[in-house]
Every structure is written in C-alpha cells, then in structure tokens.
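Here are the chains, one letter per residue:
2 protein chains.
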Amino acid sequence: MTGHSHSHPSSSETTAFRVGFQGEIGAYSEEALAALYPGATMVAYTSFEVAFEALTSGDVDRAVLPIENSLFGSVHQNYDLLLEHDLIIVGQVQLRIRHQLMAPAGAMLDSIERVFSHPQAIGQCRDFLRSTLSGADVQPTYDTAGAAKKVAQEAIPTQAAIASKAAAAEYGLTILASDIESNHANYTRFLALARPDSDPNQALHPDAMDTGEFRTSLVYTQRENVPGGLFKSLAVFALRDIDLLKIESRPLVGSPGQYVFYLDLSGHQDDEPVRNAVDHLQEIAARVRVLGSFRSGRIVG
Amino acid sequence: MTGHSHSHPSSSETTAFRVGFQGEIGAYSEEALAALYPGATMVAYTSFEVAFEALTSGDVDRAVLPIENSLFGSVHQNYDLLLEHDLIIVGQVQLRIRHQLMAPAGAMLDSIERVFSHPQAIGQCRDFLRSTLSGADVQPTYDTAGAAKKVAQEAIPTQAAIASKAAAAEYGLTILASDIESNHANYTRFLALARPDSDPNQALHPDAMDTGEFRTSLVYTQRENVPGGLFKSLAVFALRDIDLLKIESRPLVGSPGQYVFYLDLSGHQDDEPVRNAVDHLQEIAARVRVLGSFRSGRIVG
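Line by line, the protein sequences give chains A and B.
Residue numbers for the first sequence follow our numbering, beginning at 1 and rising by one.
Residue numbers for the second sequence follow our numbering, beginning at 302 and rising by one.
Certain hints may be false.
Derived lysine-lysine pairs resembling BS3-like cross-links, with alpha carbons at most 30 angstroms apart [unchecked claim]: (1) Lys246/A x Lys232/A; (2) Lys232/A x Lys466/B; (3) Lys165/A x Lys150/A; (4) Lys232/A x Lys547/B; (5) Lys466/B x Lys451/B; (6) Lys533/B x Lys246/A; (7) Lys150/A x Lys451/B; (8) Lys246/A x Lys547/B; (9) Lys533/B x Lys547/B.
In short, the hints are calculated from the structure, not lab data.
Model, not experiment: these values are computed from the prediction.
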C-alpha cells in the first residue's frame, strides 16, 4: 500500500501535503499533478486501485488520475473506482501529451540505432520514425517512463526513448527531437480527487480554482423498462437550459438493456437550476450520484 | 503494408478469404476473428491504421477490430479511423476476456517464480497473483501474446505468462490455472468491417447473421450554437420509439463547445422509422454518417 514518494524538484520547502498518482516517476501523470498541486510531495502507485485505496485510507491527501483522453476515450476503470469509493472531484487539468525523443548526454540524432517506447507512443510518432529514424530498430516497452529509465541506466549513445519532458528531466537524458507526435490534438483530462470532508481548494493551483466555468460531474443509472428513459433524463437539463459537456452510456453488466450514464454539465451543483435538475433526475433514475463541481481549468503541457 | 498471415488451425481447406486484425498471433482479437470468420486466413497487422489501410486497398477482404471494452471503454482510435475510411460495419461479436496462466510443458504451479504479462492483465489477475503466486516476481510486457511467446521461446519451467487460450495453443504452452481474472465481467466488442461494395454476409458465421436484434451505428456532429442540440437530436429517435443502445460524446478538437456523437440504435437502417429518424437528424446535425446495420450476435469465449 505504501507508494514510492518523491519531492517535486521545483519545491524547496518541506511540505506535508501528499498527492498520489499512478505510474512511474516521469510519467505524464506527474506533469498533471505538478500543474494542480505545485510543491506537493508526489507519491507513485502501481495501479489506479491502489491510488484510490491510499487516498481513502488517508495515506495521501489527494490523488490525480486520468479520466479521459482525446484519442483513446474515457478511463472507465477510474469511473468504476469513483463509484466504489466515497471520494469527490475537486479540480481538473487538461494536459497536452507531447512526445520527446531522448538519449544519454552526447548522443546524436543521426547515430540513433534503437528506440524504446510504449506501443501507443510509437504509433503516435510513426511519421517521425519513418522519416527521420527510418533505419532504427523500434522496441516496445510497457510504459514511456520505463523506456526512459532503461535508456538512462544502459547509457548506450545509440539508444533513445520516446517519453515526456518530465522523464528526460528525471533520468538526466538529452532531448534530441521535440514534440515528435503526428497528431498534436492529444490531450488527457486529469481529475483531482479528495475525501468528502476536505477543503476542495486546499493546496490547489489558483488556475484550477479560478479558470474557466464551473462543471459538475454526475453518474446515474436508468430505472428498468422506462421507455425513452435516456431522453427523459436529458430533458431535466434541457428544460432548464443547462448545457451538457459530456455524455456517455455504458451497459450495466449483468442487466441487459440497462445502462449507466456519465454526464458532465455546465454549472455548480449548488446553483438553483442544477439543484432542481438533479432533484428532477432522481424522480426518473434508479440511482444518481454527484461526483463534484470544479472549474474547467487550464490546458498545460 | 503486408501483414503476417496465418491459416487458422481449425481450417483444413485452403481459402482465399483473408481477414485482418491488429496484434500478435495469439492475441484476443484472433479469437474474435475466428468466431466471426471461421476458416478465414488471418492476417496480423501491427497497428489499427495499417489494418484499415489494408482493408481499403484490398489486401484483405474484412478486418475485425475492437470498438469497446466493458472495463476500458470505447476504442476512439477505431471510431476516428472509421470516419477517415470509406468502410462499413457488417457484423459484431462480444468476446469475454479470460486470462490463463501458462508455462512450458512440465512446469508446475507451485514452482513458478516469475510471471510475464501486459500491465492491464496483471491488474485484472491481482487477487490470483496475491493469493496463489504471492512469492513470484511479476514482470510487465507490452502485450499478452508477446509474454506467451517469450515464455515459450525461453522454455524455463519456473517462468509463466498470463495470456489467452489462443496464445497457449499457438505457442504450445500448458495452462496451469484457468480464468484467473478477478472481475469476470470483462467483455470486448469487436466489429467486422468491409468495403462498401461487399456482400455483408459473405463468409460470416451464421450466428453473426441471425442472432440478436439488428443494431445500427451512426456518427453525427452538432451544428454550432444550436441550444439544446443534443436533446433535439435524441428527440428524433424518442419521437419514433427507437431505443438507443449506446451514446457517447467527444469534444471536437479545435472547435470548443462542439461535439461529435456516437450512437447505436435498435433497428436496421432500411426500417422506415429509422430512415425517417436519420432524415430528421440531418435537419438538425451538421454531418451524419451511418456506419452500418448488423445483428448484435453472440457472446463468445
């Protein structure tokens, strides 16, 4: 249960505020964490489950976890874990995913013979690999930060990794080519999670408190055999001119024909129209849970 | 562009019908392919993009690709590729993902010291690993079939992999423990794709032709600044008592406030109410594309 902790290099003071994330040090999640909680002590966990358990038990004060990627969609596992734990969303940040080619100091771009990275990152950098490194042998690894770590440890100047800027900094690698992804519209939305008794704004970067409109996330399950149930449930928002920012259905496992819906709407859960709409939704739905209200925040990276 | 081809072991006849999939031989996709096109020549591609290109150019007759997993959500990349290519959906199958612990012949469960698999599969088999193999060293690999291949090639009796039954068969490994995943509700929905001029039923397994209701998939983009646009677009189906089976919104990159919607509905695109609803949707939406009508088919695996 104990994560691997790591003080953020930009923080000189000693702080007791601990924030969990999933992955290795140098992973993209670490960049999102730093944007939301600058100066916090970062605690790395090997899986989302363990990060949720650590936050629930008080081992960390917050957790920062990915919920949606513009190319790969929602991280359903984290929605499931949100439903299984009594936690709230207190902030969000969107991170642009930029891939860097990195190698040990002294390496040169035209001498690279072997490249390591996660298969998704390799796919995203396909055009660069074909044009600039067409002769190189490309080796898949299980994560981008792990590829950077390996290249740093082996210190062979003909070997490079594709990973984040944070990974290059963490493992002391030199960036040989920047932003080498073919599709630059690759964003991951991260949520800041807290226990329900927390001050939502504690230690949060001002931009996550003040920037953008309020957004409310909720999850609901339809009652069985309500014809047009989805349409009726959306009517409670449309009738009050509340904009929807996200909607996604998932079949409820074991209950054919029943669905769970994830909905993000514009506004705060304490606004009167939103409060009325949620009350109205409870008349129609089997189960409604408001996950939190938070500012839409910045795009970083 | 040329994929790695592979005759299905259960097929004794020589057939010219070629079906592409993504991944290594022994991957879960291969099981879905065999359920939809028994006896076809399977052609493995390293990425979804290459599989789409191969189908479009005529290198294969069909492609079978994942579109949605019950734990991890939609495979947005394949939705994007569907929009970029002129292809149609002609069938689907749901595959239950079951993980097997496998090792070289002669290995015994209580002698296993090291286990290789993809991090997602490792996470899903966490309870088994903690209880039965608590002393083993667990090593992540970039895919499950690759883990099986490695364990087979190295042939060390203390090493095991977590992968599919098909991988055990392909690499001649013995299954030491079956269905070791903690959550058995892990299904992936695969689509069969064809060029638009194809006979949709050619070579398709009868269960994919006859089993279940018809389902129609479509994608549409909202017009800018239509208040309550989502609600209105769903009204075209609700007003005609057409059930929705899936709805998912994605922000349109570069157009803040605009969304693209993926919708699955009950019925065939040639049914009169569905035809009328799609015509009506075209009055409201900026762009509508019907991706295909097909039976909901079986659950296999």
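How the hints compare with the structure:
no.	hint	verdict
1	Lys246/A x Lys232/A	17 angstroms, holds
2	Lys232/A x Lys466/B	44 angstroms, violated
3	Lys165/A x Lys150/A	16 angstroms, holds
4	Lys232/A x Lys547/B	16 angstroms, holds
5	Lys466/B x Lys451/B	16 angstroms, holds
6	Lys533/B x Lys246/A	16 angstroms, holds
7	Lys150/A x Lys451/B	19 angstroms, holds
8	Lys246/A x Lys547/B	14 angstroms, holds
9	Lys533/B x Lys547/B	17 angstroms, holds
When held up to the earlier numbered hints, the structure conflicts with hint 2 and nothing else.
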